[in-house]
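First to last, the sequence lines map onto chains A and B. Sequential numbering of the first sequence, starting at 1, is according to full-length UniProt numbering. Sequential numbering of the second sequence, starting at 1, is according to full-length UniProt numbering.
Fair warning: there could be bad hints in the mix.
Listing some non-contacts, in silico: residues in chain B with all C-beta distances to chain A over 10 Å [claimed, not checked]:
1. 53
2. 171
3. 197
Which residues of chain B face chain A? A few of them, derived with a C-beta cut under 8 Å, are [stated by the list, open to error]:
4. 63
5. 93
6. 97
7. 251
8. 252
9. 256
10. 314
11. 334
Distance ranges between label pairs, derived from CB positions [as the list claims (entries may be wrong)]:
12. 243(B) x 77(A): 36 to 46 Å
13. 200(B) x 34(A): 34 to 44 Å
14. 152(A) x 52(B): 51 to 61 Å
15. 38(A) x 204(B): 35 to 45 Å
16. 48(B) x 206(A): 48 to 58 Å
17. 36(A) x 199(B): 47 to 57 Å
Think of the hints as simulated: they come from the structure by calculation, not from any bench. Backbone N, C-alpha and C define an ideal beta-carbon position, used for all residues, glycine too.
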Amino acid sequence: MTQRTTARPEGRRPGPGRPRRAAGRWSAPARPVWEEPPGRAGLAAKGTLLVLACLAVLFPLWIVVVTSLSSKKTITETGGLVIVPRDLTFVAYQELLGGGQVTRAAIVSVLVTVTGTLFSMTVSVLCAYGLSRTGSLGHRFILLALMATMFFGAGLIPTYLLVQTLGLTDTYLALILPSAVSVFNILVLRGFFMGISPELVDSARIDGAGDLRILWRIVMPLSRAVIAVITLFYAVGYWSAWFNASIYLGDQNMMPLQNVLIQLVQKQEIPVGLGQAVKAGNLSGLAVQMAVMVLALLPVAVLSPFVQKHFRKGMLTGAVKG
Amino acid sequence: MTTLDTETADPAAEPGAHRGGLRRRARRPGPDGARGRDRRPDHRTGRIPLGRRFRRDRTLLLMTVPALLLVLVFNYIPILGNVVAFQDYDPYVSTNGVTAMLESPWVGLAQFERVLSDPGFRHAVENTFVLFLLQLLLFFPIPIALALLVNSVLRPRVRAVVQAVLYLPHFFSWVLVVTVFQQILGGAGIIAQTLREHGHEGFDLMTDPEVFKFLVTAEGIWKDAGWGVIVFLAALAAVDQDLYEAAAMDGAGRWRRMWHVTLPALRPVIALLLVLRVGDALTVGFEQLLLQRDAVGPGAAEVLDTFVWWTGLRSQDFSYAAAAGLIKGVVGLVLVLSANKAAHLMGEQGVYRK
Numbered sequence: 001m002t003q004r005t006t007a008r009p010e011g012r013r014p015g016p017g018r019p020r021r022a023a024g025r026w027s028a029p030a031r032p033v034w035e036e037p038p039g040r041a042g043l044a045a046k047g048t049l050l051v052l053a054c055l056a057v058l059f060p061l062w063i064v065v066v067t068s069l070s071s072k073k074t075i076t077e078t079g080g081l082v083i084v085p086r087d088l089t090f091v092a093y094q095e096l097l098g099g100g101q102v103t104r105a106a107i108v109s110v111l112v113t114v115t116g117t118l119f120s121m122t123v124s125v126l127c128a129y130g131l132s133r134t135g136s137l138g139h140r141f142i143l144l145a146l147m148a149t150m151f152f153g154a155g156l157i158p159t160y161l162l163v164q165t166l167g168l169t170d171t172y173l174a175l176i177l178p179s180a181v182s183v184f185n186i187l188v189l190r191g192f193f194m195g196i197s198p199e200l201v202d203s204a205r206i207d208g209a210g211d212l213r214i215l216w217r218i219v220m221p222l223s224r225a226v227i228a229v230i231t232l233f234y235a236v237g238y239w240s241a242w243f244n245a246s247i248y249l250g251d252q253n254m255m256p257l258q259n260v261l262i263q264l265v266q267k268q269e270i271p272v273g274l275g276q277a278v279k280a281g282n283l284s285g286l287a288v289q290m291a292v293m294v295l296a297l298l299p300v301a302v303l304s305p306f307v308q309k310h311f312r313k314g315m316l317t318g319a320v321k322g
Numbered sequence: 001m002t003t004l005d006t007e008t009a010d011p012a013a014e015p016g017a018h019r020g021g022l023r024r025r026a027r028r029p030g031p032d033g034a035r036g037r038d039r040r041p042d043h044r045t046g047r048i049p050l051g052r053r054f055r056r057d058r059t060l061l062l063m064t065v066p067a068l069l070l071v072l073v074f075n076y077i078p079i080l081g082n083v084v085a086f087q088d089y090d091p092y093v094s095t096n097g098v099t100a101m102l103e104s105p106w107v108g109l110a111q112f113e114r115v116l117s118d119p120g121f122r123h124a125v126e127n128t129f130v131l132f133l134l135q136l137l138l139f140f141p142i143p144i145a146l147a148l149l150v151n152s153v154l155r156p157r158v159r160a161v162v163q164a165v166l167y168l169p170h171f172f173s174w175v176l177v178v179t180v181f182q183q184i185l186g187g188a189g190i191i192a193q194t195l196r197e198h199g200h201e202g203f204d205l206m207t208d209p210e211v212f213k214f215l216v217t218a219e220g221i222w223k224d225a226g227w228g229v230i231v232f233l234a235a236l237a238a239v240d241q242d243l244y245e246a247a248a249m250d251g252a253g254r255w256r257r258m259w260h261v262t263l264p265a266l267r268p269v270i271a272l273l274l275v276l277r278v279g280d281a282l283t284v285g286f287e288q289l290l291l292q293r294d295a296v297g298p299g300a301a302e303v304l305d306t307f308v309w310w311t312g313l314r315s316q317d318f319s320y321a322a323a324a325g326l327i328k329g330v331v332g333l334v335l336v337l338s339a340n341k342a343a344h345l346m347g348e349q350g351v352y353r354k
């Protein structure tokens, strides 16, 4: 986060009497002269609070990961969840990813997420660009029509009846189409596109570029940050979704990963085909459950920090501009 | 999560800048001089004939078609489907939903009367309201406090790491969050397990209706309080640093600066988020509650959304559920609009402008 340092440039400059040190990103920028240095108690309190907040997030995840990697013996000895890692093993993952219910569910989830995200992004970016020029024909009306949906939802039952009437039940389209467009995301993209210098767009038009080419060649490359954020939002949405699958899909074999996770953990079931391995071998049912959880959280936990520095843009440039 | 106006948080992008500089006072040029859109002729004067405007903008219009179609089909057409709330809808009377709607008998407001006199519905309203209040009281202040805390960290790397950790749970699905809580607080969870090892009675917070509402709030905090920090951090970054210096020169200490400079700067954002939350009061975590409804029972976990789901999709009483859903939708709409009105009256920016 650099806003802080640019906001007070005097913080970066080493004072005349101070030895010049390399401005590493780990070191604190110097305080402005008027700011009193924090007391020791204050620092300690602040540090404790921050560490506690981070631990509240990380400790449960640690337990899940360690348990998923523990052997049946360790889990029996500790009587359940494992906190201290001992003789770790990947046997749960090997069994889960060696084919069968969970493997299939993971593949379904990946495919739905990738297809859905591509589809949503295409539709949203096109729409956002189409609305990004104020004063274009029908621009206000379309914007209002989109924004109105943010205030009034049609409700679960009519939506369900519609999806049924369209014949989408028991198809993967039911997991993608009803939630494909997020008006909020379109507004964020549009807000960003509107901030792009019009001289650039105009000069491209004078050179003979059509709107599609301008979007592809100029607007999108300049909006990489916000596109990354919105892609993540859509992808996380598809990856985390389970409700639509639970009401629109009847076939257990079609279920995505989250729904399988509900069955496994909430109802304490063992994945189909693994019962034997759990009874006989070195595989613990608990480790299997935890391993499915890790599979469900891994992609998100790995990808989101990369986009982190752009979150602010994704959250805030969505100004509702007339 | 929210639709925020840039003006509150990011003064660099000014909404309304495209209105043209002619009618308004001259604008302060931006740091990079990129205020070119001010010079663009105002299209809204309507001096260009419609046909030419259409030819000029048809590619743009075409680009919005896919999104509009999807919104039309999945957001607007279902609104019409709410007519089943005024019927005694029977899905099996015909081969598909639309013809079944046409053939089902009309019953006027009978379904609404049934809903409003149903103790189950009233109970769901009560639960929704209590949960909303709990979330407002316990959840709402936490992101503000966390933002102040994170903002006081000066080292960029430390800050980035803390932020990454705090944002993480927002991206986990409710299935994961509920499961994590179950594994820690549930009957077979880590706390009950440790207690049993030390000879105490085990317990299961996950199925205890008494504490369920606090549990739901805690889950919400774990998942989204860190994410809520972003908005406040942005507002904090936009505070003019000279204000702090001036206050310090006048002898204001650390806490007085926070009270007289930082908090007033956060006020518009806080007001806006409060308004958004109140407007959305009837939505208190549908997926989250649905996942735990079986464990704790409908007595503690039934809210409006799960009530609609249960009566409609489980008991197949479509008309009844649609009536309940419609009540929720209309009341929700009134809430959003009046919350906005309240924000305007308070002199703050609402979600939309008048």
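Quiz item: Out of the numbered hints, which ones does the structure contradict?
Solution: 1, 2, 3, 5, 7, 8, 9, 10, 11, 12, 13, 14 and 16
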